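A.B. asks: This is what each chain is made of:
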Amino acid sequence: DVKVTQSSRYLVKRTGEKVFLECVQDMDHENMFWYRQDPGLGLRLIYFSYDVKMKEKGDIPEGYSVSREKKERFSLILESASTNQTSMYLCASSLFGTTRGEKLFFGSGTQLSVL
Amino acid sequence: TQLLEQSPQFLSIQEGENLTVYCNSSSVFSSLQWYRQEPGEGPVLLVTVVTGGEVKKLKRLTFQFGDARKDSSLHITAAQPGDTGLYLCAGHKAAGNKLTFGGGTRVLVKP
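Residue numbers (our numbering), protein chains in the order written: chain A, 1 to 115; chain B, 1 to 111.
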């Protein structure tokens, strides 16, 4: 089975800090995604990547950037953390893009608190 | 306003009862997926439906895609405590490479 591993389960940071969230997948998937999950809002796409060094903005990219230097690793960067970025962050991967019927494999999530 | 609206937001039932969760939109989707997320875990795909009117069954779970491909429902028969979780629908439009998620329905099945 595909394994998507997020480096931290819980993270507490201070306003203004630079934050790195790391995600690694072990199944040679082309596509990787970062979502944030907030109660009642479901999952909202921040950024996705369809190849190494390639990235595209999702629905809520403001305040975030990403890095994909290797196929298996996709990092989410909060350049200057703010309290409204307190959320659950979920990384996902898929063999191809999220075209019709493609399955997403999710990590267990990182609960980030910005104080 | 979300593109995919799920209802209800929360459902609490006794073991053995039936339940239905709805996922509605004014937009047409080329496919729709249902995920279940348990506490402390990421969502896990349950099913994908791609044809208008399609019905899929997964043991006690029945999934239906609306004829116009704008809505879907998930029906659980004789719910068990193991069905407890957050149920998320997600739709993909014909153009683009994004999956849009609904707000989720939290289901609690009490023994």
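Keep in mind that the hints are not guaranteed to be accurate.
What the hints assert, rightly or not - In silico negatives: residues of chain A with every beta carbon more than 10 Å from chain B:
(1) Asp-26
(2) Met-27
(3) Asp-59
(4) Asn-84
(5) Leu-95
To be verified - Interface residues of chain B toward chain A, partial, derived using beta-carbon atoms under 8 Å:
(6) Gly-53
(7) Glu-54
(8) Gly-102
By construction, these hints were calculated from the structure, which means they are not laboratory data.
These numbers come from a predicted model, not from an experiment.
Backbone N, C-alpha and C define an ideal beta-carbon position, used for all residues, glycine too.
A.B. asks: Regarding the hint that B/Gly-102 lies at the interface with chain A, is the smallest CB-CB distance below 8 Å?
C.D. replies: 5 Å, holds
A.B. asks: With a cut-off of 8 Å on the beta carbons, see whether B/Gly-53 makes it to chain A.
C.D. replies: Violated. Min distance 16 Å.
A.B. asks: Verify the interface restraint on B/Glu-54: the C-beta must sit less than 8 Å from at least one C-beta of chain A.
C.D. replies: 12 Å, violated
A.B. asks: In terms of Cβ atoms, is chain B entirely out of 10 Å range of A/Met-27?
C.D. replies: 15 Å, holds
A.B. asks: Take a quick look at A/Asn-84 and tell me if its Cβ sits farther than 10 Å from every Cβ on chain B, holds or violated.
C.D. replies: 18 Å, holds
A.B. asks: If I take the minimum Cβ distance from A/Leu-95 to any residue of chain B, is it greater than 10 Å?
C.D. replies: Holds, because the least Cβ-Cβ distance between A/Leu-95 and chain B comes to about 13 Å, which exceeds 10 Å.
A.B. asks: A/Asp-59 clear of chain B by more than 10 Å, beta carbon to beta carbon?
C.D. replies: Non-interface label fails for A/Asp-59: nearest chain B Cβ at 7 Å, not farther than 10 Å.
A.B. asks: Against chain B, does A/Asp-26 keep a CB gap of more than 10 Å to every residue?
C.D. replies: 15 Å, holds
Hints 3, 6, 7, counting from the list given before, are not met by this structure.
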